[in-house]
Amino acid sequence: MKKALKIVIPLVALLLIVCIMGGCFVVTHQNEYTIVRQFAAVVKIIDHPGLSLKVPFIQTTSTLPKTEMLYDLAVSDVITSDKKSMVADSFVLWRISDPLKFIQSLSGNIGNAEYRIDTVVYNSLKTVISSMKQEDVISGRDGLLAQKIMANVGNTFEKYGITVLAIETKRIDLPDENKSAVYERMISERGNIAASFVAEGEAEAKRIRNEADKSVEITISKANSDAEKLKAEGEAEYMRILSEAYNTPTEADFYEFMRALDMATASMGGGNKTLVVSSESPLAKLFTGK
Numbered sequence: 002m003k004k005a006l007k008i009v010i011p012l013v014a015l016l017l018i019v020c021i022m023g024g025c026f027v028v029t030h031q032n033e034y035t036i037v038r039q040f041a042a043v044v045k046i047i048d049h050p051g052l053s054l055k056v057p058f059i060q061t062t063s064t065l066p067k068t069e070m071l072y073d074l075a076v077s078d079v080i081t082s083d084k085k086s087m088v089a090d091s092f093v094l095w096r097i098s099d100p101l102k103f104i105q106s107l108s109g110n111i112g113n114a115e116y117r118i119d120t121v122v123y124n125s126l127k128t129v130i131s132s133m134k135q136e137d138v139i140s141g142r143d144g145l146l147a148q149k150i151m152a153n154v155g156n157t158f159e160k161y162g163i164t165v166l167a168i169e170t171k172r173i174d175l176p177d178e179n180k181s182a183v184y185e186r187m188i189s190e191r192g193n194i195a196a197s198f199v200a201e202g203e204a205e206a207k208r209i210r211n212e213a214d215k216s217v218e219i220t221i222s223k224a225n226s227d228a229e230k231l232k233a234e235g236e237a238e239y240m241r242i243l244s245e246a247y248n249t250p251t252e253a254d255f256y257e258f259m260r261a262l263d264m265a266t267a268s269m270g271g272g273n274k275t276l277v278v279s280s281e282s283p284l285a286k287l288f289t290g291k
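To get the working numbering, take the position in the sequence shown, counting from 1, and add 1.
Derived by calculation from the structure, the hints in this document are not laboratory data.
Certain hints may be false.
To be verified - As a list, the in silico DSSO-like pairs of lysine-lysine whose alpha-carbon atoms are at most 27 Å apart: (1) K85 - K171; (2) K84 - K171; (3) K84 - K45; (4) K134 - K149; (5) K207 - K232; (6) K55 - K45; (7) K127 - K84; (8) K102 - K55; (9) K102 - K134; (10) K160 - K127; (11) K223 - K207; (12) K149 - K127; (13) K171 - K127; (14) K134 - K85.
What you are looking at is a predicted structure, and each value in this text was computed from that prediction instead of being measured.
Turn these sequences into a full structure, and let the hints steer you where they fit.
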């Protein structure tokens, strides 16, 4: 019996030591906070990954997520400033930034946090959209709407130890019963705008064509004027050269003779013709040798 006790007692002591040592260590992962409590009161929050120590049996641990979380709001009806009904479907990206405040204000419960997020963001969404016209809501859903909602939320969640990273609207649409009428009105408005642009474009095109035609006419008129001027100058120069070339009686007679030949050639062109000339004509003198 004594031998058995000598074996059992060391084993039990070793087991107790192992249990106590095991209860001293706390493993914290990268994506979580470790909360150390003593008699239900928070005594330490471990926000870095690794191995830490705690008092065994007296202190207990729990964890909270350190990662970004997504909360999807329920689809809800909202009213614009011009009393038009719309359907909004949004989500919130958030994380726990202060675990102690989160525990003190929301009991460290994710469900409580999501309830607060749902209430605050929905009220902000409703407030922002109720201050905007329907067309502004539709045109601003790519970024402006989210910015206004974030600005309206402000630092509301700071007291809960929560940081809201983004509030986005997945879908903001018209109720099914209103879509057809609104789409038809929008199509009509866009058609009027398009017709206005077309009319302005045609008027501008006509003005440009008129200016171009006027410019062409001016250019042609100037070119014709320059051509007539050059022709007159050429003829004047021609006559000057002739007058200089035939300024003696002999040269003048030769000129008259050449002109007579040209006239005879022109008159004899085509078919059988007879040329009748005066006996005093240079041609007759040429043929007669007188």
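Task: Unsatisfied constraints (hint numbers, rising) - done: 3, 5, 9
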